[in-house]
Structure formats: structure tokens, C-alpha cells
Amino acid sequence: MTAAAQREALFEYLLRLGDNCLILGHRLSEWCGKGPVLEEDIALSNIALDLVGQSTLWLDLAATVEGAGRDADALAFKRDVLDWRNFLLVEQPNGDFAQTIVRQFLFDCFHVELLQALTKSANQEIANIAAKAIKEAVYHRRHSGQWVIRLGDGTEESRTRAQAALEQLWGYTRELFDGDAIDEMMMQAGIAIDPGDFHENWRDAVTAVLGEATLTVPEATWSIGGGKKGVHSEHLGFLLAEMQFLPRAYPDAKW
Amino acid sequence: MTAGNDWPLWEVFIRAREGLSHKHVGSLHACDAEMALQHARDVYTRRREGESIWVVQSTDIIASAPADKESLFDPADAKIYRHPTFYEVPDEVECL
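Line by line, the protein sequences are chains A and B. Those letters in the first sequence? Residues 12 to 266, by the numbering used here. Those letters in the second sequence? Residues -6 to 89, by the numbering used here.
Everything labelled a hint here was simulated from the structure, so no lab data went into it. Take the hints with a grain of salt, since some may be wrong.
[To be verified] Restraint ranges, calculated between C-beta atoms of paired labels, are given here:
| no. | chain 1 | residue 1 | chain 2 | residue 2 | range |
| --- | --- | --- | --- | --- | --- |
| 1 | A | GLY64 | B | GLU27 | 42 to 50 Å |
| 2 | B | CYS24 | A | ALA14 | 50 to 58 Å |
| 3 | B | GLY12 | A | THR130 | 29 to 37 Å |
| 4 | B | HIS15 | A | GLY207 | 54 to 62 Å |
| 5 | A | ASP82 | B | SER57 | 32 to 40 Å |
| 6 | A | CYS43 | B | ALA60 | 40 to 48 Å |
| 7 | B | SER20 | A | GLY222 | 27 to 35 Å |
| 8 | A | GLN199 | B | ALA9 | 45 to 53 Å |
[Said to hold, decoys possible] Sample of chain B residues with no beta-carbon within 12 Å of chain A, all distances over it, derived:
| no. | residue |
| --- | --- |
| 9 | ARG8 |
| 10 | LEU21 |
| 11 | MET28 |
| 12 | GLN31 |
| 13 | ASP61 |
| 14 | ASP70 |
| 15 | LYS72 |
| 16 | ARG75 |
| 17 | VAL86 |
[To be verified] With a cut-off of at most 25 Å between alpha-carbon atoms, the simulated SDA-like pairs for lysine to any residue come out as follows:
| no. | chain 1 | residue 1 | chain 2 | residue 2 |
| --- | --- | --- | --- | --- |
| 18 | A | LYS146 | B | ARG34 |
| 19 | A | LYS240 | A | GLY78 |
| 20 | A | LYS146 | B | ALA58 |
| 21 | A | LYS45 | B | GLY19 |
| 22 | A | LYS146 | B | SER45 |
| 23 | B | LYS16 | A | LYS143 |
| 24 | A | LYS45 | B | SER45 |
| 25 | A | LYS146 | B | ALA60 |
| 26 | A | LYS143 | A | GLY182 |
| 27 | A | LYS146 | B | SER51 |
The beta carbon of each residue, even a glycine, is placed where N, CA and C say it ideally should be.
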């Protein structure tokens, strides 16, 4: 394999890491000022900031690897929807609080496993970012996991909403573990592991919490992916329109 | 933001550094102890203010009554001999 192809694959892989964090972080930031209580508003905003911070690290590195003169801001604010590489799961709308929490929990469980693996990456810069990010991800999982239990094992209404959120989002989780050619190249280079390798760990972690929450693990009756290849749901365009408006309308604005 | 009105109030204590004691920093609402800890972390330690958190339900704190102030505290006013000011400190003593 040529060095150029290798670099191209690494760039794509880093975009996936960065885009997942940025899109989910932006989604969570939509709760800012609208949280169910002040304390939870701050908690969600903290998590949003953690994720946006992580995305900066990943996209900085992606920009360096690409070597085309773009920086993290250019990657965040000047890419159109087809160039985004995040999972469909993270771009799904916030819905009600249960939907936000379930989406977060399903991702957090994946995120911890992924970062754990990346701390052992042959690429030292990736390993360093992962080591920093995993501390945050472990807290995110604790936060969302506790909420899943509270909602599931809560009132009839919270339970119904949490179960509905699970049914609605479960089909998007398959994509988190489906490896493709890029994953294969990262694996060969010792940079990452096959995401399928931690599907079982993820399932165990999720199942344990759902059990405690008296919620039912949904039947995998449908699944859809494509986000990591740039095929997105209709929601991402609207998110980008809001997120990218300012830097596009006022290029290089400083504040 | 009204949903939290029926959640109990918790008092938050943060220890800034090893060796210091926990200090009261404020209060918050939470529906259980784990949530109180997490909220305390998110609200009061965002700028690395601490390395240990205590949360206590406000109703579990037994407070002295303001009306008892005179009988509880005024008698100490007349006992200045309890302050360590009646002996000479030798120059050699550095830490006191």
C-alpha cells in the first residue's frame, strides 16, 4: 500500500473520530438553557464541551495528517453534509430527555470501549488523545447510565419514554461495530482494532444497565448505517446549517 | 425549569487539596445521592476546584437555632484566657 493511500485512510479514520464527538457535542449543546433542571442543564453542557474539546483534538490531528492547509476549524465549519463521517446515531435529534439520554448512553458505552482500545494505538498521538479523552468518557457513561436506570426504573411515563427511545435508536447501533476497509487498514497498521471486537463488551455493558433499569433490550428487527461513509439522515444538514452559519456568513470572525 | 422543585436539597462540601478539610461551597437539588455527587462535580468542580466531594442532604444537618446565639456563644466573650496570648513564644520556635 502506498504511503498516500495510508495517509488518506488515516485522515478518514480521524474524521470519523472527530465528527462523532463534534456532532454529538453539538446536539447536546442544543439543551443549553433548556435542561429539565439547572443542575442537569450544566451537566449536559459540560458533556457537550468535553465532546467538542475532543473533536478539536481529533480534527487538529486529521488536518495535520491531511497536510492540505486546512485546520480543525476548516474541517468543522467548511465541510458539507456528504463529507461528514459521523455515525447516524449521534446526529439523531434530541427528542425528549429520554431519547437524549438513551442516545448518549448507547454512544458512551461504545466510546469507552473504543478509547480503551485506542490508548494502545501504534500511533502515539492517537494514544495520547485517547488517554486524555477516556477519563471524560468514563464519566459520561456513569452519568447517562445512572439516568437510564432512573428513567427505566422510575415512573410509568419515564419508563415508557425510555423504552420507546431504545426501540427508536437501537437500529442505529449496528453501524458502530461494522468494520469496513478503512477499519481494516487501521487494524493492519496497529492503529486501531476491529470495532466488531468490542461489540460483545458493549452489549454486556448495555444489557447490564438496561436490566437494572428494568428495560428490555430491543429485538434487532432493523438496522441502518452509512454515516461513517458520508450517507446521512435528513437531520444532519439542519444541524450543520445552524452550527456552520456564523463562520460561513462571517468568515474568519473573531470573538 | 420546574421539574426539580420536589427534589431534595443537598449541601456540597469540597476538599480543595490533600490535607485540607472539606469546605462548604453551596447547595443543589438532586433526586438521589449519586445524582447529587454528579451534580456537585458538574456545578462546583468545573475549574478543578477540588479532589474530593461530600454531599449531605440539607435536612440531615442539625443546626443551632439563631435564638440560642446569646446563650451559646456570648459566654465565651468573657474568657480571654482561652486565647494563647499569655505566654512568650521563644524565638527558636518557627511553626506555631
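Quick rundown of the hints versus the structure:
1. The hinted range of 42 to 50 Å is not satisfied by GLY64(A) and GLU27(B), whose Cβ atoms lie roughly 25 Å apart.
2. As the Cβ distance of CYS24(B) to ALA14(A) is approximately 55 Å, the hint placing it in 50 to 58 Å holds.
3. At about 31 Å, the beta-carbon gap between GLY12(B) and THR130(A) stays in the expected band of 29 to 37 Å.
4. At about 46 Å, the beta-carbon gap between HIS15(B) and GLY207(A) misses the expected band of 54 to 62 Å.
5. At about 60 Å, the CB distance of ASP82(A) to SER57(B) disagrees with the hint of 32 to 40 Å.
6. About 44 Å separates the C-beta atoms of CYS43(A) and ALA60(B), a value consistent with the hinted range of 40 to 48 Å.
7. One distance hint, 27 to 35 Å for the beta-carbon pair SER20(B) and GLY222(A), holds here, with the actual separation near 34 Å.
8. A hinted range of 45 to 53 Å for the beta carbons of GLN199(A) and ALA9(B) is consistent with their spacing of about 48 Å.
9. Every CB of chain A lies more than 12 Å from the CB of ARG8(B), the least distance being 19 Å, so the non-interface label holds.
10. With 12 Å as the threshold on Cβ separation, the claim that LEU21(B) sits away from chain A is violated: the shortest Cβ distance comes to roughly 5 Å.
11. Once the 12 Å rule is applied to beta carbons, MET28(B) is inconsistent with being away from chain A; the minimum gap is 7 Å.
12. A beta-carbon of chain A comes within 12 Å of the beta-carbon of GLN31(B); the shortest separation is about 6 Å.
13. No Cβ of chain A comes within 12 Å of the Cβ of ASP61(B); the nearest lies about 33 Å off, and the non-interface call holds.
14. For ASP70(B), the non-interface assignment is confirmed: its Cβ lies about 41 Å from the closest Cβ of chain A, beyond the 12 Å cut-off.
15. Once the 12 Å rule is applied to beta carbons, LYS72(B) is consistent with being away from chain A; the minimum gap is 44 Å.
16. Non-interface status of ARG75(B) relative to chain A is upheld: no Cβ of that chain comes within 12 Å, the nearest being about 43 Å off.
17. Here VAL86(B) stays apart from chain A, with its beta-carbon at least about 45 Å from theirs, past the 12 Å limit.
18. Our distance criterion of 25 Å between C-alpha atoms is met by LYS146(A) and ARG34(B), whose separation comes to about 14 Å.
19. As the CA atoms of LYS240(A) and GLY78(A) are separated by approximately 21 Å, the hinted pair is consistent with the 25 Å bound.
20. At roughly 44 Å between alpha-carbon atoms, LYS146(A) and ALA58(B) are farther apart than 25 Å, so this suggested pair is violated.
21. Simply put, LYS45(A) and GLY19(B) have alpha-carbon atoms about 23 Å apart, close enough for the 25 Å limit, and the pair holds.
22. Taking the CA atoms of LYS146(A) and SER45(B), the gap is about 16 Å. The hint holds against a cut of 25 Å.
23. Of the pairs offered as hints, the one joining LYS16(B) and LYS143(A) is violated, with about 29 Å between alpha carbons and a cut-off of 25 Å exceeded.
24. Using a Cα cut-off of 25 Å, the hinted pair LYS45(A) and SER45(B) is violated, with the two alpha carbons roughly 29 Å apart.
25. Proximity of LYS146(A) to ALA60(B) is assessed by CA-CA distance (about 48 Å); at most 25 Å being required, the pair is judged violated.
26. A hinted pair counts as satisfied when its Cα atoms are at most 25 Å apart, and LYS143(A) with GLY182(A) does not qualify at roughly 30 Å.
27. Distance check on the hinted pair: LYS146(A) and SER51(B) sit about 30 Å apart at the alpha-carbon level, beyond 25 Å; violated.
Violated hints for the displayed structure, listed by number in ascending order: 1, 4, 5, 10, 11, 12, 20, 23, 24, 25, 26, 27.
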